[in-house]
Structures are given as structure tokens and as C-alpha cells.
Amino acid sequence: MASHDPYTILDVPKNASPDDVKRAYRKLAHKYHPDKKGGSSDKFKEINEAYQILSDPAKRRQYDQFGFAGNGSYKGPFGSAQGKQGGFNTDGFEFNFG
566 MASHDPYTIL DVPKNASPDD VKRAYRKLAH KYHPDKKGGS SDKFKEINEA
616 YQILSDPAKR RQYDQFGFAG NGSYKGPFGS AQGKQGGFNT DGFEFNFG
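Numbered continuously in this note's numbering, the sequence shown closes out at residue 663.
FYI, nobody ran anything at the bench for these hints, they're computed from the structure.
Careful: at least some of the hints might be erroneous.
[Stated by the list, open to error] Derived pair list, reagent style EDC-like, types lysine to aspartate or glutamate, alpha-carbon separation capped at 16 angstroms:
(1) 587 / 576
(2) 592 / 614
(3) 610 / 570
[Claimed, not checked] Label pairs and their calculated CB-CB ranges:
(4) 603 / 631: 17 to 27 angstroms
(5) 602 / 623: 30 to 40 angstroms
(6) 580 / 602: 10 to 20 angstroms
(7) 631 / 600: 32 to 42 angstroms
(8) 591 / 569: 26 to 36 angstroms
Computed from a prediction, not measured in an experiment: that's the story for all the values here.
Where is the CB? At the ideal position from N, CA and C, for every residue including glycine.
All chains, please: the whole structure from these sequences, using the hints.
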């Protein structure tokens, strides 16, 4: 993806309503659909990924608070960023400090 910010991809402000997000998504999805002349499968995928984040209230809150670090894609030394708070699992033994 060229720009990883879903707000930029869908060209909506951070305070956009769910209806605004849906409208922007539909407009761009129609424009870039791979089956249309001038469409782009890469751009279409990018638009869909942005919509998946902004259309789900929990994912949107998480993105607004943590960016992509909070979406579980980052795996640090103790596993996923979405893992259990304060704990980790090693060799079948679970340690939980939180």
C-alpha cells in the first residue's frame, strides 16, 4: 500500500461518521474495481483494507489509539501486540503478571 492510513486512503476526516466512511468506500470501490476499465486490483484491495478498519467501531478505536501497532500485526519479543496484558507463554508454562 502506498499510504497505510485508512483515513487518507478513503479520503475522509478522522471524525467522519460511519455513513461518510461507507459513502467514500463505495465511491472508491466502484471507481477502482478490477473488472472496470481503469480499475486496479491493488488499489481495490487497499480500499477494502481501509474500509475493514474504519467500518468496525472496535478496529477503528484501536487504530485511532495505536495505529497499526495495535492491530496485532506487530510481533515483539513476547508475541502479538494484542496478546495478554503483562503475560507470556513459554514451553507450555504461562506467566501472567497483570
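Evaluation of the provided hints:
A distance of roughly 11 angstroms separates the Cα atoms of residue 587 and residue 576; the hinted pair therefore holds under the 16 angstroms criterion. As the CA atoms of residue 592 and residue 614 are separated by approximately 15 angstroms, the hinted pair is consistent with the 16 angstroms bound. For a cut-off of 16 angstroms, the pair hint linking residue 610 to residue 570 stands: about 14 angstroms separates their Cα positions. Range check, residue 603 to residue 631: Cβ separation about 35 angstroms, and the 17 to 27 angstroms hint is violated.
Range check, residue 602 to residue 623: about 37 angstroms between beta-carbon atoms, so the 30 to 40 angstroms window is met. Range check, residue 580 to residue 602: Cβ separation about 35 angstroms, and the 10 to 20 angstroms hint is violated. With their beta carbons about 35 angstroms apart, residue 631 and residue 600 fall inside the hinted range of 32 to 42 angstroms. For the pair residue 591 and residue 569, the supplied restraint of 26 to 36 angstroms is violated, since their beta-carbon distance comes to about 22 angstroms.
Hints 4, 6 and 8 from the list above are not met by this structure, while the remaining hints are.
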